[in-house]
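Colleague: One-letter residues, chain by chain:
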Amino acid sequence: MTQRVGIVAVAQTKYEAAKGQHLMDLVLEVTDKIAEETGISVVNDVDSVVSCSQDHWDGRTISSVAIPDFTGAHLKDESKVAGDGAYAVLYGMMHILSGHHNLVLVVSHCSESQTDSRIIENCAIDHIYQRMLGLDFLSCAAMQANLYMQKYGILREQCARVVVKNKSNACNNPYAQEPLLLTIEEVLNSKMMAYPITMLDAKPVSDGACAILLASEDKAKKLTDKPVWINGAGNCYDAHSLGDRDLCACESLVSASKRAYRMAGITNPRKEVDLIEMSETFSYQELLWTEGLGICKPGEGGKLIDSGATLVEGNIPVNPSGGLLAGVPVTVAGMSRVAEASLQLRGEAGKHQIPDAEIAVAHGTAGVCGQMHCVLVLEKGDR
Amino acid sequence: MAQRVAIVGIGQTCHTSRRPDVNDGELINEAVNNALADAQLKIKDIDTVISGNMDFFEGHYLNDAMLADYTGARGKAGFKMNTGGTVGTLTFISGCYCVSSGLSDVSIVIGWEKHDEGPTTSCITTMADPAVDRPFTVGALLGMALISGNYMNRTGCRLEHAAMVRAQASENASRNPNAHLRDRYSVKDVLNARMVLFPLNLLMICPTSVGACAIVLASEAKAKRISKKPVWIKDHITVHGEYNGNHYHNQFDLPGFPRTTTQMMAGKKLLQRNHITEPLKELQVFEMYDPCAFVQMSWLEDFGICGEGEGWKMVEKGMTARDGVFPVSPSGGVLCTNSIGDSGTVRVAEAALQIRGDAGEHQVTRNVRQALVSGFGGAFWTDLMLLSKSLD
Chain A
1 MTQRVGIVAV
11 AQTKYEAAKG
21 QHLMDLVLEV
31 TDKIAEETGI
41 SVVNDVDSVV
51 SCSQDHWDGR
61 TISSVAIPDF
71 TGAHLKDESK
81 VAGDGAYAVL
91 YGMMHILSGH
101 HNLVLVVSHC
111 SESQTDSRII
121 ENCAIDHIYQ
131 RMLGLDFLSC
141 AAMQANLYMQ
151 KYGILREQCA
161 RVVVKNKSNA
171 CNNPYAQEPL
181 LLTIEEVLNS
191 KMMAYPITML
201 DAKPVSDGAC
211 AILLASEDKA
221 KKLTDKPVWI
231 NGAGNCYDAH
241 SLGDRDLCAC
251 ESLVSASKRA
261 YRMAGITNPR
271 KEVDLIEMSE
281 TFSYQELLWT
291 EGLGICKPGE
301 GGKLIDSGAT
311 LVEGNIPVNP
321 SGGLLAGVPV
331 TVAGMSRVAE
341 ASLQLRGEAG
351 KHQIPDAEIA
361 VAHGTAGVCG
371 QMHCVLVLEK
381 GDR
Chain B
1 MAQRVAIVGI
11 GQTCHTSRRP
21 DVNDGELINE
31 AVNNALADAQ
41 LKIKDIDTVI
51 SGNMDFFEGH
61 YLNDAMLADY
71 TGARGKAGFK
81 MNTGGTVGTL
91 TFISGCYCVS
101 SGLSDVSIVI
111 GWEKHDEGPT
121 TSCITTMADP
131 AVDRPFTVGA
141 LLGMALISGN
151 YMNRTGCRLE
161 HAAMVRAQAS
171 ENASRNPNAH
181 LRDRYSVKDV
191 LNARMVLFPL
201 NLLMICPTSV
211 GACAIVLASE
221 AKAKRISKKP
231 VWIKDHITVH
241 GEYNGNHYHN
251 QFDLPGFPRT
261 TTQMMAGKKL
271 LQRNHITEPL
281 KELQVFEMYD
291 PCAFVQMSWL
301 EDFGICGEGE
311 GWKMVEKGMT
321 ARDGVFPVSP
331 SGGVLCTNSI
341 GDSGTVRVAE
351 AALQIRGDAG
361 EHQVTRNVRQ
371 ALVSGFGGAF
381 WTDLMLLSKS
391 LD
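Protein chains in written order, with this note's numbering: chain A, 1 to 383; chain B, 1 to 392.
Among these hints, one or two may not hold up.
Quick list of the computed label-pair ranges, beta carbon to beta carbon [what the hints assert, rightly or not]:
| no. | chain 1 | residue 1 | chain 2 | residue 2 | range |
| --- | --- | --- | --- | --- | --- |
| 1 | A | Arg131 | B | Ala2 | 51 to 61 angstroms |
| 2 | A | Val43 | B | Phe198 | 35 to 45 angstroms |
| 3 | B | Glu220 | A | Lys33 | 48 to 58 angstroms |
| 4 | B | Pro177 | A | Arg131 | 30 to 40 angstroms |
| 5 | B | Glu220 | A | Ser113 | 47 to 57 angstroms |
| 6 | A | Gly99 | B | Thr277 | 16 to 26 angstroms |
| 7 | A | Arg131 | B | Gln40 | 46 to 56 angstroms |
| 8 | B | Ala2 | A | Arg262 | 14 to 24 angstroms |
| 9 | A | Leu147 | B | Arg18 | 37 to 47 angstroms |
| 10 | A | Glu36 | B | Ala2 | 41 to 51 angstroms |
| 11 | A | Leu181 | B | Asp21 | 41 to 51 angstroms |
| 12 | B | Glu26 | A | Gly99 | 35 to 45 angstroms |
| 13 | B | Ser122 | A | Leu181 | 41 to 51 angstroms |
| 14 | B | Ala2 | A | Leu133 | 16 to 26 angstroms |
Computed from the model, here is a short list of chain B residues facing chain A with C-beta under 7 angstroms [stated by the list, open to error]:
| no. | residue |
| --- | --- |
| 15 | Arg74 |
| 16 | Thr83 |
| 17 | Phe136 |
| 18 | Thr238 |
| 19 | Asp358 |
No wet-lab data here; the hints were simulated from the structure. We put the beta carbon where it would ideally sit given N, CA and C, even for glycine.
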């Protein structure tokens, strides 16, 4: 890499079940926060704007037409990445690495409460053979969870432990939607949605927005004394059809994380990474994704949560913010992971701060059963 | 210094109204295979797959993931771009960013649309603000009619000139095996077509097509090894405007209404920073995203290719013909072929073919060293690219 890309500032709305706000208001809130924190004008100073939103969720083709007035993208290099917000961060990073731009604003918004996820997710399933079965991400995830649990002897209790951990972590995160102190029994006994996934095992419906200001190395150093560097990035697709994939191996996450680690010079993520902010739509996914991220061996995600290593006070905290289970909308998900990881590295995570965090991994995913993954390795500035 | 990027492979499907013989994935796969064959590469040589189209036309959510086995993305990096008509060029530009950032060595970009699977104009209408504008918006036609009518008013351009543009496009498209509408029309034929929204009649607006286009991009080191005739991306610029409901005046340059602000800015900046002072001489071909006949003339002015009010005169003098001094859209343009997600990608592909001298029967007579390519789409957004035969 010829130069580094720095995160100058991050902003999130509070995530809520139904904000009842126009999408533009959500976006304005986060871009205003960025402007306030950095003292830059998003209209005059930002070179390019990358957004991530989905036509299907917004019910609007070219969903980014609604927001240029609020991102300051008027007559600028504006573009929209579909999928997940982490990819928007990656694409913004490319704008800087290519030497085209020095200051890039990335924004993501979604109001899940305005529509029904099952209808939308069904549209992501192969339309020739499988869509008419009525599959959605929940029903597919339930199949993946069953396979995974059966293959490796993962217990429902271990999945429930993820929920207990994340919702309790959320109690210290002012942006989190569902801070809750739960017991494992409460998770197991909550309403069954698709075995083995209960209501509490799944991410709640959520509304919100997130924005991140990226800058070239020189610019970042000028704008903040606490830059966070994106030192590694990797992403990868898996096959679409569930039958064509090893659902217990999450191969695309393995490839994505390997690429990101190689770029960041990380050889032993378990030792070198201080914390992970990941996109776990369902509780079992946190166990599976920790395996895919190389934090533990395949099948050992259950043991890892049992060991307490992924707790805030553990040696590899996962989702100290509460993660997606505490409530973050799709598309915003991956970007909010980058934002939360940055807050940790800047020492600005408040009550959920991990002491001495220097290297963090942020992870985003899109597609059925985690078909595509994006992994970013972030590093504290003055290290 | 950023990596330089070159086009090393080009593949298109044919374009037509309906393709009941293939599904979305198979359509894309045709273009991908054609591009790989052109580059003499295998899919394993590609590290990044970027695709782009507009979700609503086929109704799929996350269609890049859904079609990953057809695009060849399995096991590879990549993502999907999604804007409006600009998505074809934006997908190409994002492929350029992938390579020029150093994160990818060889990328493939895919633009595609299968308009026979959904109601195009209804989908475009959802672009309008749901609370205020949507009830009285009808697709993309209104904006085009506004530009056209005002262009006539302002410059003295007549219906005949638009008919000349379309007749010329039909002549070009008849020579292009991948074009959709390949029938030849005389100026009189065009003038006699059914009026749709004044001043635009049925032959003066773009069709809805089915098709896909894939382009293989490579870094300088790789490109020189892969291709004998790499086409270099000298520069690209994206100017996307604000959208403010139906207040069309916001999207145009007010004093010079109805000039298209984004095109004026893109043209001015791109020509300036590449020191192009005499575009008619220094550029040998312009593949323009020309969704209706009038804009081919008015946008020549907006991009700064000629002075205000001179666009239609260029057409009248035959300058923009395939064998003219400044050929515009020798492929037949969007006027004859428009599968929205690939309309921009096809423009790039066609310009690159012209530079390589591989455009066959629709090859322009000028010796092409540099080509200009534009992309356009809702809401009056513009991408502009400069392709070159050589690196200097």
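Colleague: Arg131/A and Gln40/B, beta-carbon distance inside 46 to 56 angstroms?
Modeller: violated, 37 angstroms
Colleague: Does the Cβ distance between Arg131/A and Ala2/B fall inside 51 to 61 angstroms?
Modeller: Given a distance of about 42 angstroms, which is not inside 51 to 61 angstroms, the answer is violated.
Colleague: Quick check on a hinted range of 41 to 51 angstroms for Ser122/B and Leu181/A, using CB atoms only.
Modeller: holds, 49 angstroms
Colleague: Take the C-beta atom of Ala2/B and the C-beta atom of Leu133/A, compute their distance, and say whether it sits inside 16 to 26 angstroms.
Modeller: At roughly 47 angstroms between Cβ atoms, Leu133/A and Ala2/B fall outside 16 to 26 angstroms, so the hint is violated.
Colleague: Starting from the range 35 to 45 angstroms, see whether the pair Val43/A and Phe198/B falls in it by beta-carbon distance.
Modeller: holds, 37 angstroms
Colleague: Honestly, do Leu181/A and Asp21/B meet the 41 to 51 angstroms range at C-beta?
Modeller: violated, 59 angstroms
Colleague: Is it true that the C-beta distance of Ala2/B to Arg262/A lies inside 14 to 24 angstroms, as the hint says?
Modeller: holds, 21 angstroms
Colleague: Holds or violated: Thr238/B as interface residue toward chain A, Cβ cutoff 7 angstroms?
Modeller: Holds - the Cβ of Thr238/B comes within 7 angstroms of chain A, reaching about 4 angstroms at its closest.
Colleague: Are Leu147/A and Arg18/B spaced within 37 to 47 angstroms by their CB atoms?
Modeller: holds, 40 angstroms
Colleague: Range hint 47 to 57 angstroms: satisfied by the CB atoms of Glu220/B and Ser113/A?
Modeller: holds, 49 angstroms
Colleague: I want to verify a distance hint. Is the separation of the beta carbons of Pro177/B and Arg131/A within 30 to 40 angstroms?
Modeller: holds, 34 angstroms
Colleague: Per the hint of 48 to 58 angstroms, is the separation of the Cβ atoms of Glu220/B and Lys33/A within bounds?
Modeller: Once the Cβ atoms are compared, 41 angstroms apart, the range 48 to 58 angstroms for Lys33/A and Glu220/B is violated.
Comparing the model with each numbered hint stated earlier shows that hints 1, 3, 7, 10, 11, 14, 17, 19 do not hold.
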